[in-house]
Amino acid sequence: MTRASTCRMADLRGTSQHETRERVLTRRFVAVVTTTILVISMLSVIGLWWTATSIRLDTTIVPLSAAIVMLLFGRAYSLRDQKISETCFVMFWTVAVTNILNIPMFVVARLKLPFQDSQLVAFDQWLGLELPQVLALQQSYPAAFSFVASCYNLLLPLLVVSVTLPTFLGRGRGVREFFIALFMSGTIGLALFCLFPAEGVHDRYQVPPSASQALFLETLYAVRREQSYALDISFRAGLVYFPSFHAILAILSVFALRQLPLLLGLAAPVGALVVLSTVATANHYPCDTLVGVVVAVFSCVVAMKVEPLVSGSTSSRKR
Numbered sequence: 003m004t005r006a007s008t009c010r011m012a013d014l015r016g017t018s019q020h021e022t023r024e025r026v027l028t029r030r031f032v033a034v035v036t037t038t039i040l041v042i043s044m045l046s047v048i049g050l051w052w053t054a055t056s057i058r059l060d061t062t063i064v065p066l067s068a069a070i071v072m073l074l075f076g077r078a079y080s081l082r083d084q085k086i087s088e089t090c091f092v093m094f095w096t097v098a099v100t101n102i103l104n105i106p107m108f109v110v111a112r113l114k115l116p117f118q119d120s121q122l123v124a125f126d127q128w129l130g131l132e133l134p135q136v137l138a139l140q141q142s143y144p145a146a147f148s149f150v151a152s153c154y155n156l157l158l159p160l161l162v163v164s165v166t167l168p169t170f171l172g173r174g175r176g177v178r179e180f181f182i183a184l185f186m187s188g189t190i191g192l193a194l195f196c197l198f199p200a201e202g203v204h205d206r207y208q209v210p211p212s213a214s215q216a217l218f219l220e221t222l223y224a225v226r227r228e229q230s231y232a233l234d235i236s237f238r239a240g241l242v243y244f245p246s247f248h249a250i251l252a253i254l255s256v257f258a259l260r261q262l263p264l265l266l267g268l269a270a271p272v273g274a275l276v277v278l279s280t281v282a283t284a285n286h287y288p289c290d291t292l293v294g295v296v297v298a299v300f301s302c303v304v305a306m307k308v309e310p311l312v313s314g315s316t317s318s319r320k321r
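With positions in the sequence shown counted from 1, the corresponding number in the working numbering is that position plus 2.
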């Protein structure tokens, strides 16, 4: 084989690799996500003013610094390495969205709507699965429940993997669908939070709260009690009891990996354990988890239908 033919084959391989890598961040998708973030931010500002709520500036330092670093790296690599650049931009969006969505959550909590725990208990009764039954199973199978409960904290690494690896490997459709489903499930979840605010299972069933749940209760009562309130934008314990956003994010994370069969096979059991852990830890009513699963699945189905319109990518239209 001559040197010229070898060079031609190398050029063809390079071209083939370039063509098979799908661009994750299409211009239309970037415009849609940016507009959505701006709209959420504007509505959040109005909500903060309406409810006499402010943001503690000291709590913005870490997420803001992380977002700026990701943005600068993405910009720096934009002309050198598309994989690294897009991965950095996606991480920037992930940090931005997950922190910005905390603001409307606090705003809704500041409305001081009456708790609807009795309605959630009635929902559990209708389902035929109440927390005392879960606690009885927990006593019968302590090792199994302890293992499932320990998976509760696997959500963050699962989320990071689900948005970074598909982006780096050029499987953009799943990432785009993830963000569409995230915005949709966030909207539905906040609407349900307005209708069914809850203080949780602990007082009703005399279940000792975990450290994170104790922080949740302390923050929830302070948010509803104070005339004016300064929120922690990086607050991770959450204030939404119904539906379970832990379950929602676990399913969306697995959904984002569906273009990578090997990773999907590894992530699906982890996601399932994270979902089950919301009940195994006795942190939620069973209906919280069930409705969280329904919201996530519905959002994923809609995201698959909407993504070709939002992204404008050729590969999405051909699938």
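Heads up, some of the hints might be wrong.
Unchecked claim - Estimated spans, in silico, between C-beta atoms of each pair: (1) Gln-141 / Gly-314: 29 to 39 angstroms; (2) Arg-227 / Leu-74: 39 to 49 angstroms; (3) Pro-116 / Asp-83: 51 to 61 angstroms; (4) Ala-216 / Leu-171: 20 to 30 angstroms; (5) Asp-83 / Glu-201: 40 to 50 angstroms; (6) Leu-113 / Val-71: 19 to 29 angstroms; (7) Gly-314 / Leu-81: 14 to 24 angstroms; (8) Leu-192 / Ser-56: 34 to 44 angstroms; (9) Pro-116 / Val-64: 29 to 39 angstroms; (10) Arg-227 / Leu-311: 41 to 51 angstroms; (11) Lys-85 / Ala-224: 38 to 48 angstroms.
Claimed, not checked - As a list, the in silico EDC-like pairs of lysine to aspartate or glutamate whose alpha-carbon atoms are at most 20 angstroms apart: (12) Lys-85 / Asp-205; (13) Lys-307 / Asp-205; (14) Lys-114 / Glu-201; (15) Lys-114 / Asp-234; (16) Lys-114 / Asp-205.
No lab work stands behind these hints: they were computed from the structure.
Quick caveat, the model's predicted, so the values are computed rather than measured.
Cβ coordinates follow ideal geometry from the N, Cα and C atoms, glycine included.
Going down the list of hints, with the structure as the test:
1. Gln-141 and Gly-314 have their C-beta atoms about 55 angstroms apart, which leaves the hinted 29 to 39 angstroms range violated.
2. A C-beta distance of roughly 41 angstroms is found between Arg-227 and Leu-74, which places it inside the suggested range of 39 to 49 angstroms.
3. Between Pro-116 and Asp-83 the Cβ separation comes to about 53 angstroms, which falls inside the hinted range of 51 to 61 angstroms.
4. Roughly 40 angstroms separates the CB atoms of Ala-216 and Leu-171, a value that falls outside the hinted 20 to 30 angstroms.
5. For the pair Asp-83 and Glu-201, the supplied restraint of 40 to 50 angstroms holds, since their beta-carbon distance comes to about 49 angstroms.
6. The hint said 19 to 29 angstroms for the Cβ distance between Leu-113 and Val-71, and at roughly 35 angstroms that hint is violated.
7. Taking the beta carbon of each, Gly-314 and Leu-81 are about 22 angstroms apart, inside 14 to 24 angstroms as hinted.
8. The supplied range of 34 to 44 angstroms is broken by Leu-192 and Ser-56, whose beta-carbon atoms lie about 20 angstroms from each other.
9. Distance hint for Pro-116 and Val-64: a CB-CB separation of about 35 angstroms, consistent with the stated range 29 to 39 angstroms.
10. Separation of Arg-227 from Leu-311 is about 45 angstroms and conforms to the stated range, judged on CB atoms against 41 to 51 angstroms.
11. As the Cβ distance of Lys-85 to Ala-224 is approximately 44 angstroms, the hint placing it in 38 to 48 angstroms holds.
12. At roughly 49 angstroms between alpha-carbon atoms, Lys-85 and Asp-205 are farther apart than 20 angstroms, so this suggested pair is violated.
13. Between the alpha carbons of Lys-307 and Asp-205 the distance comes to roughly 42 angstroms, so the proposed pair goes past 20 angstroms and is violated.
14. About 12 angstroms separates the Cα atoms of Lys-114 and Glu-201, which keeps this hinted pair within 20 angstroms; it holds.
15. Taking the CA atoms of Lys-114 and Asp-234, the gap is near 18 angstroms; set against the 20 angstroms cutoff, the hint holds.
16. Taken as a hint, the Lys-114 and Asp-205 pair is honoured in the structure, with Cα atoms around 19 angstroms apart against an allowance of 20 angstroms.
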